[in-house]
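Q: As a plain string of letters, each chain reads:
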Amino acid sequence: MIRFEGVTKQYPDGTVAVDDLSLTAPTGKITVLVGPSGCGKTTSLRMINRMIEPTSGLISLDGQNTGRMNEAQLRRGIGYVIQHAGLFPHRTVLDNVGTVPRLLGWDKKETLERSRELLSRVGLAPELADRYPSQLSGGQQQRVGVARALAADPPVMLMDEPFSAVDPVVRDQLQDIFLDLQSELGKTIVFVTHDIDEAIKLGDQVAVLRVGGKLAQISDPAYLLAHPVDDFVADFVGRDRGYRSLQFQPAPRLPLASERTVLLGEPTTGVSGDWVLVVDDSQRPLGWVEPSRVSGAVTTDHLHRGGTVARASGSLRGALDAALSSPSRRGVVVDDDGELVGTVRAHEVLSLIEAADRPDEDKADAFAEEGA
Amino acid sequence: MEWVNDHWGDIFALARSHVWLAGLPLLLGLLIALPLGWAARRWSRVYPVLISASGLLYTIPSLALFVLMPLILGTRVLDRVNVVVAMTVYTVALLVRTVADGLGSVPDHVLQAARAMGYRGFRRFFGVELPLAVPVIAAGLRVAAVSNVSIVSVASLIGVSQLGNLLTDGYDRFITAEIVAGIVACVVLALLFDGVILLVQRLLTPWVRAQGGRA
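Residue numbers (the UniProt record's numbering), protein chains in the order written: chain E, 1 to 372; chain W, 1 to 215.
If you are wondering where the hints come from, they were derived from the structure by calculation, not from laboratory data. Quick caveat: nothing in here was measured; it's all calculated off a predicted structure. Any given hint could turn out to be false.
[What the hints assert, rightly or not] Label-pair ranges, simulated between beta-carbon atoms:
{"id": "1", "chain 1": "E", "residue 1": "E53", "chain 2": "W", "residue 2": "G195", "range": "20 to 28 angstroms"}
{"id": "2", "chain 1": "E", "residue 1": "L324", "chain 2": "W", "residue 2": "R123", "range": "54 to 62 angstroms"}
{"id": "3", "chain 1": "E", "residue 1": "D231", "chain 2": "W", "residue 2": "A53", "range": "57 to 65 angstroms"}
{"id": "4", "chain 1": "E", "residue 1": "D180", "chain 2": "W", "residue 2": "G121", "range": "31 to 39 angstroms"}
{"id": "5", "chain 1": "E", "residue 1": "D62", "chain 2": "W", "residue 2": "W43", "range": "35 to 43 angstroms"}
{"id": "6", "chain 1": "W", "residue 1": "W20", "chain 2": "E", "residue 2": "D153", "range": "52 to 60 angstroms"}
{"id": "7", "chain 1": "W", "residue 1": "A139", "chain 2": "E", "residue 2": "M1", "range": "25 to 33 angstroms"}
{"id": "8", "chain 1": "E", "residue 1": "G38", "chain 2": "W", "residue 2": "A53", "range": "36 to 44 angstroms"}
{"id": "9", "chain 1": "E", "residue 1": "G38", "chain 2": "W", "residue 2": "V49", "range": "30 to 38 angstroms"}
{"id": "10", "chain 1": "E", "residue 1": "E113", "chain 2": "W", "residue 2": "I60", "range": "53 to 61 angstroms"}
[As the list claims (entries may be wrong)] According to the in silico footprint, chain E covers these stretches of chain W (three or more CB under 8 angstroms from chain E):
{"id": "11", "region": "108-115"}
{"id": "12", "region": "127-134"}
{"id": "13", "region": "201-210"}
From the three backbone atoms N, C-alpha and C, an ideal C-beta is built for every residue, glycine too.
Taking the hints into account, I'd like the entire structure generated from these sequences.
A: Written out as structure tokens, the structure is:
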């Protein structure tokens, strides 16, 4: 558990970067610090491993005042990931990952084994081990950055906008890998981002900071979207927060309609209607086609790929989005193996939303008190 | 050519002396410039002082410096140490800035990461900062090497023998072949130094070539 108690950082020129910050990052959870630039989120993060010393206040790690701990020892026990990965350009991928174990004096063989294991854990091919960072893509570099931070198995990880310099598709993949790893490892993580969507996706707890380094609100993401404390937080979490909060409502049993399908490579003859769904051999949906435009066999060139695919076990947001983005207005729903189970229409999802219980108000009030 | 054929032995002996007088100061100068360059990076006020001081040192005419050395060091006039020390001064003058700029060329996010990982002091300097500064330092070292090979030849005027002797002697006795041999030998030596530094640099920085290979 990381605890900030009345922490303030004022620079010699008078700028206050962090103002009387008190919050707790619970053990084994992801706490996201989010806010516009100049809100002191990175400063707060760096005060945890004493890259920056607070002007006043106390930061403790599992009850121990970090100000009294040996700097280098403190840092070697805290994994750290930054925006451009900050990899050492003169060391191979494998040596980069083994940095902290080496500093801690592990023996060579142990360090190598551990580094190899971590590379595969973050989804990097073994043949990348001997490359230099400049030979990797941005996303691969960031994976190495995460592997390096995890190498000595530190209980705490600090992450400073680790995924913001990569393109949206890669970012999404990295976030998913990160959540996967976290569900396995259960580290105490403090994560800084300016992207509220990322905060909501990753955070068990989200702290919104305002310019000048004041904490505006801290709560779980669903509550934050439903009950922003003031205009600043409401503005920051965005105008489509009503829609986004659906992400936290697991879809109840969807009223699925069965869908007529065509196998890729077969003709659409005999199929009527505007749109028909194309699937592969194992019933995985590939995209929609308009039968009137296809003569002969369906090829991948005919596919309309605009629609998103929802999981039956997913959220209401996913189901609604699948319906809204589908050219046939029928949202494609799959099971956990990616096989088609049916389609759903937007109005059906909407009636489910209206029928669903509102978030439990008692629980919400409890959070409000804890945050105060 | 006939003169050269008759004097291979002399030329080689002078060249060997030249290598010592130019090469040893290069190593000593680098060793001294490393902590000075580091200090210039570490304290921002030290930087301009060191840079101007080293610039001034380099403007002292070499002949004057050679002549001054026995007075400062208390050495004998013909002692080779005079030349080695004077050349070391020049090398330091050239390399302080190079080392400081080389250390300054290390990307900030890499330094941040090193700190955050728990790197400190000597280990950070030798493990992260210095290796990354090698390309810039090597470039400066190549300039210093060529400059040393050329300046050392002046030492013939104070009686310390090296390839410069071929120039002074050839001039005194009107032997054109000897002068040409002296010039060619100096150029060959300069190229040799350059090649060695380049080779060492390539061995020390495999990662730089990896970068090039990608582009």
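Q: So, against the hints stated earlier in the document, which numbers end up violated here?
A: Going through the list in order, the structure violates hints 1 and 7 and respects the others.
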